[in-house]
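Student: Residue numbers (my numbering), protein chains in the order written: chain H, 1 to 298; chain Y, 1 to 298.
Please keep in mind that the hints were generated in silico from the structure rather than gathered at the bench.
Treat the hints loosely; a few may be bogus.
For identical chains, the list gives no copy identity; a pair is met inside one copy or between any two copies.
[Stated by the list, open to error] Simulated pairs of lysine to aspartate or glutamate, EDC-like, Cα-Cα distance not exceeding 20 Å:
1) K103 x D5
2) K30 x E182
3) K19 x D63
4) K143 x E133
5) K45 x E6
These are the residues of each chain, in order.
2 protein chains.
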Amino acid sequence: MNFQDELKKRTEEIEAVLKSYLPREEGFAKTMAQAMNYSVLAGGKRLRPMLILETCRMFGGEDKLAYPFMAAMEMIHTHSLVHDDLPALDNDDYRRGRLTTHKVYGEAMGVLSGVALLNYAYEVMLTAFDLAEDEKARARVIKALKVMSHKTGLYGMLGGQSVDVENDGKPMSREMINYIYENKTSALIEGSMMAGAILGGASAEEVAVVEKAASGIGLAFQIQDDILDVTSTAEELGKPIHSDEKNHKTTYVTLMGIEKASQQVAELSEEAVKLLEGLNKKNEFLFTLVKELVGRRK
Amino acid sequence: MNFQDELKKRTEEIEAVLKSYLPREEGFAKTMAQAMNYSVLAGGKRLRPMLILETCRMFGGEDKLAYPFMAAMEMIHTHSLVHDDLPALDNDDYRRGRLTTHKVYGEAMGVLSGVALLNYAYEVMLTAFDLAEDEKARARVIKALKVMSHKTGLYGMLGGQSVDVENDGKPMSREMINYIYENKTSALIEGSMMAGAILGGASAEEVAVVEKAASGIGLAFQIQDDILDVTSTAEELGKPIHSDEKNHKTTYVTLMGIEKASQQVAELSEEAVKLLEGLNKKNEFLFTLVKELVGRRK
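Could you put the whole structure together from the sequences, leaning on the hints where they help?
Tutor: Following this line, the structure appears as C-alpha cells:
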C-alpha cells in the first residue's frame, strides 16, 4: 500500500475511535453536546491523534491504551480552535468551509461548549485507568495525563495563545515569535508524541528525545503554514491566503524571508526524523508522515 | 472557640493552601498568570475547598492529599464565574466589588484565562499522585479525579450552565429548573464533598450518602440565594438585589412563593445533616457549617 492510501485508511480508523468517545446528544444539555460534536466532526487531518497512536506503536505499545488519549487530544485541539474563532479572538465565521461553532450555536455556547470539550477530554483520558491492567500501565497513564495537561495549559498551548492574542498586530521579537510557535503550535505536537511514547513504554531518556523531535516538527509545521499563506492559492489551501500580511502579523516569513524560512523547514524536519531514527525503533509510516507533513502544499 | 472564629481561622488556612498552588507571574505568559490569579484572589467564602477538607477529615483522611483538590476546585469554580461574567453571558462589570476579569484584561484574556484556570486545576490535581504513598492512596486519587471531572463537565456544572444560558429569560418548567440547580449549583458541591469523602477513605456506599446530602445542600443553597434576592438589601448582600425579577428569571421563589421556598430550604438542610449524621462519623464543624450555610443572610 502506498503512503497516501495508508494515510487514508489510518485516518478513517482514527475517525472511528474519535466518534466512539463523543458524548450522546440527549437530555436537557443536548444542545451543548451537539455543539461539542459539531466542532469535533468538522474534519481535519487528525494529525495529533495519529502522532499519539504511531509513537505508541513505535515503542511497541498497545493501541487500546492510546485510544482515549487520541480522542482527548483531538478534543483539546478542537476546543482551542472553537475559542480562537470567537468574536473576541480571531472573529472567524468559517472554518474548513463550515460555519464556526459560535455562528451556529451563539457566542455563549461557543465559549461554554469549547470549555466542555476541554473538560470532556479529561473525563475521557481518565477512562484509560479502567483499561490499564497493572500497576505499570497505571503509572504510564498518570505520566501521560501529566504531560497532556502541562502541554495544554499556561505552560503550553494556552500560554502561547495568550501571548499571541496580547501582541496581535504588534511587531514582535524573534524570541517572542519562537515562544508563541513553541507553545501555540508545538506544545500539542510534543504532548501527543510524548504521551504516545509514554503509553508505549518509552524510558524517560527516550521521551526526552521524542519531545525534542516533536518540538522541531511543530516549529517546521508552523513555518510551513506561514510560507503557504504567502505562496499558495486559496483553492489549494482551502482558506483565505495572505491573511498574515493583512493582519500585520509578524511571522518567520516576514522576519527572514521565504527562502531562509523554507530552508529552516527542511533542516528542522530532517533533524527531527534523524532524532526519531536514532532511537532504533521502527515505524516507517511515522517517519514518512513527518517528512510529508513539513513538505505539504496545504 | 465559637463557630464564627473557627470559620475565620479555617478560611485563612484555606487561603494559604490556595495561594501555594497559584502559578507564578513570570515569563512571556505573565499576563495570563496575572489574570488567573486576579480572579482567584477576588475573595469568596471558599466554601467548596472547605467542604472537601472537612468531608475528608470526617472520614479520618489526611489533609495533605486533599490540598491539591481544594485548590483545584476553587480554580474550577472561579473559571465558571469568569466565563459567566463575559459579555456573551451575563455581561457583568463587577463581582464582589471589583472589576471582573475581562474588564481588566480584555475579553479574549477573559475567555483564555478562564480556560487556563480549568486546565491548571487538572495540573494541580495530578500532583496528588506524588503525595499518594501507596497503591491504595493512588486509587483514591484516581476516583476523586473522576468525580471532579464528571461533576465539572457536560454532565455537571457546565451542562447546567449551558441550559441556563440557552433558556435565559424564557419561562421554564419545574423539571428544567431542577436540572439547572442540580447541575449549575449542586454539582460542584457534590463533587467537593464526594472527592473529600473518597480521599478520606469512604466506602462506595458512604460516598453515595455524601452525594445525596451534598445534592440537598446545593439545592438549599441555591433556593436561599433566590430568597435573598427578594428579601435582602443590596448592602446586606453586597450585590444588586431583585436581579431575578429584572431578568424575568424563573426561580423557586417565582414558582412557589417565598414561604414555601423557605420551608423547602429548611427541610432540605435538615435532611442533609441527618444523612451526614447517619454515617456515624464526627465533624461538628461541618454539620454546623451546613446549617449556617442554608440559613445565611448573605
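Student: As a check of your reading, is K45 near E6 (CA-CA no more than 20 Å) within one copy, between copies, both or neither?
Tutor: For K45 and E6, the Cα distance is within 20 Å only inside one copy (14 Å; across copies 56 Å).
Student: First find the shortest C-alpha distance between K30 and E182 inside one copy, then the shortest across copies, and answer within, between, both or neither for a cut-off of 20 Å.
Tutor: between (36 Å within a copy, 16 Å between copies)
Student: Which holds for K143 with E133 at a C-alpha limit of 20 Å: within a copy, between copies, both or neither?
Tutor: both (16 Å within a copy, 16 Å between copies)
Student: For the identical chains here, do K103 and D5 meet the 20 Å Cα criterion within one copy, between copies, both, or neither?
Tutor: For K103 and D5, the Cα distance exceeds 20 Å both inside one copy (35 Å) and across copies (51 Å).
Student: With identical chains treated as interchangeable, where does the CA-CA distance between K19 and D63 reach 20 Å or less: within a copy, between copies, both, or neither?
Tutor: This pair counts as within: shortest intra-copy Cα distance 16 Å, inter-copy 40 Å.
In this structure, the one hint that does not hold is number 1.
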